[in-house]
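Generate the whole structure from the sequences, applying the supplied hints.
By numbering that gives the first Met the number 0, the letter at position 299 of the sequence shown is numbered 298, and the numbering carries on one by one without gaps.
If you're looking for bench data, these hints aren't it; they were derived computationally from the structure. Computed from a prediction, not measured in an experiment: that's the story for all the values here. Misleading hints may appear alongside valid ones.
[Said to hold, decoys possible] Calculated cross-link-like contacts (lysine to aspartate or glutamate; reagent style EDC-like; alpha-carbon spacing at most 20 angstroms):
1. Lys400 to Asp524
2. Lys560 to Asp403
3. Lys560 to Asp482
4. Lys103 to Asp581
5. Lys550 to Glu33
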Amino acid sequence: MRSILPLKLTFVLVLAGLPAVGAATGASAATNREIPAAGSTAIQPVAAGPDTGVQVPEIRGAEPGEQDARRAAPRIVPVNRSLSRRSGHHGVVVGFRPPRSNPKVALSFDGISHRDQRLANGGNQFSTEPPDQGLCAGNGFVLESVNDALRVFDSSGRALIGVADLNTFYGYPAAIDRATGVQGPFVTDPSCYYDPDSRRWFQVALTLEVDAGTGDFTGVNHLDVAVSTSASPLGKWTVYRVAAQDDGTDGTPAHPGCPCLGDYPHIGADAFGFYVTTNEYEFFGDGYNSAQIYAFPKWRFVTTPASVPVVQYDTTGLGAGGAPGFTIWPAQSPSSQYAPNTEYFLSSDAAEEANGTGASDHIIQWRLSGTFVLNTGGTPALSRKIVPVGAYSIPPKADQKPGDFPLGQCVNDTTTPTPLGPGCWRYLLADEPEHDEAEAPLDSNDTRMQQVVYAGGKLWAALDTAVTVAGQDKAGVEWFVVDPGTARADKQGYLALAHNNLVYPAVGVNRSGRGVIAFTVAGADYYPSAGFASLDARTGAGDVQIAAPGKGPQDGFSGYKAFNDPPRPRWGDYGAAAADGDAVWIASEYIGQSCSLAQYTAEPLLTCGGTRTALANWGTRITRLTF
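Printed below as a string of structure tokens:
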């Protein structure tokens, strides 16, 4: 396996062509349309299917005819795209924070795992990496949604229902019918939100339509918005489908290079609106257009749910220096602490999509003003300001603590007896692979903004960045507490842990203004673990703490070139945090099991005693923090 060495580049501190600090932009292009309800649904799990080992096809996205009964799909679907391929800029030199106590872990338990996801809906699922964490909490419930499943717990961590697949929830055929081979739409990138005003649950995902016979993508894709009809997520939901291909079909605007993909949707809300943002990529090409913002009148989902209007904003040319907007993340607020008649968003611009150089010393604050007019068919005004912050850059891959990685070791193995001949690889692949797989570093994101909260009159957020800690370039976190009135960071800083990496931060803030940053910890001292740190507007970030230590390395198909060449060990794509009264719930990807190659091959299904599947071992950890 090729090693990717960090690029030794100088940190760029100033980008040319920016407007003056705090300057607002001109108007954006906005289009309006009405979205009819597509039907009703409920979370109705089907019993988990038996684990029958690797099936054909096993990984969504294989070309027709490329597989036989023992071959996994050779390519990964084109979602959660990134044009940023730079890695390992020298980071800001920081100290490190060893694990110590601070906020109290009131409860911590395992959420959905890859095994749960793969066997949901009677096993009529694909193997999927990464889980993409969606978590929301309120009214005594906790809802977790990942690629491609969801589950409801009560506030004590007790599962109230089995694991349900996203395809069934959104009213589609199964991801794949294992009896007939017929494929359903590909549902991905889930997020959820509990709105304390309307007492409604919102669940959003991106759905890509496919040819049912071949699984080929058609280019048609939509944002699927499900809204509960009561304060319980266990009751009925209404589903709306918002076309996102933006090629002039299905009521969409016609954008250059489309049909396009409404990638990486994320959600927020204020007193009057519910908001979804996406990154718009060419579906069948390599181009990037800009971030899209969708604004809905929140109360229409409750009062007249037969249809809802939406205003779509195109941010082409509205970023710094005329660049497109990228990953514009909308704010959520604890206990209805909304900005008056306003929704705020934050984004970063070091990534290639935003015409970045791989590094930046500012973020961008976006504002929708006059959101009350959404209720009367009006169009709130979109503007943005530049916020100076400490420098950040694209982080290096996150190395893992060495340990057993039985899937990769199985690909390498040529001696273990099997019914098909010598070599564990025969359980997985039809053609003999190269036997040189190695434990792979984790994907560490590309500096895109992560979860944003508006609380106490401030905007709270964090992103991934390169840091230099104890003389080593690592993945770390930069966090911000921004005053939206002055477009200045009242408080900001970095989190790092010597010899380890912190990846995919998610910020949650409670109604008292006490915050938490959740992330995954991985490196020389920790297998991928669920970690967190406190965050306070006055004192900043606290020490790195471990909510649940990882038990072994990530060992999934995306990290090995036998299944995904070049390998890209997918991780997280995003975590989640949700305020619930004075508590904050957090959820991150972690590894909750381990086994040796001997244990992996002890039975032909390669499940390590039912603790994983043959092709992946990711898990999720849900934790309730109190102050």
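inquiry  = When the structure is checked against the list of hints, which entries are broken? Sort them ascending.
reply    = 3 and 5
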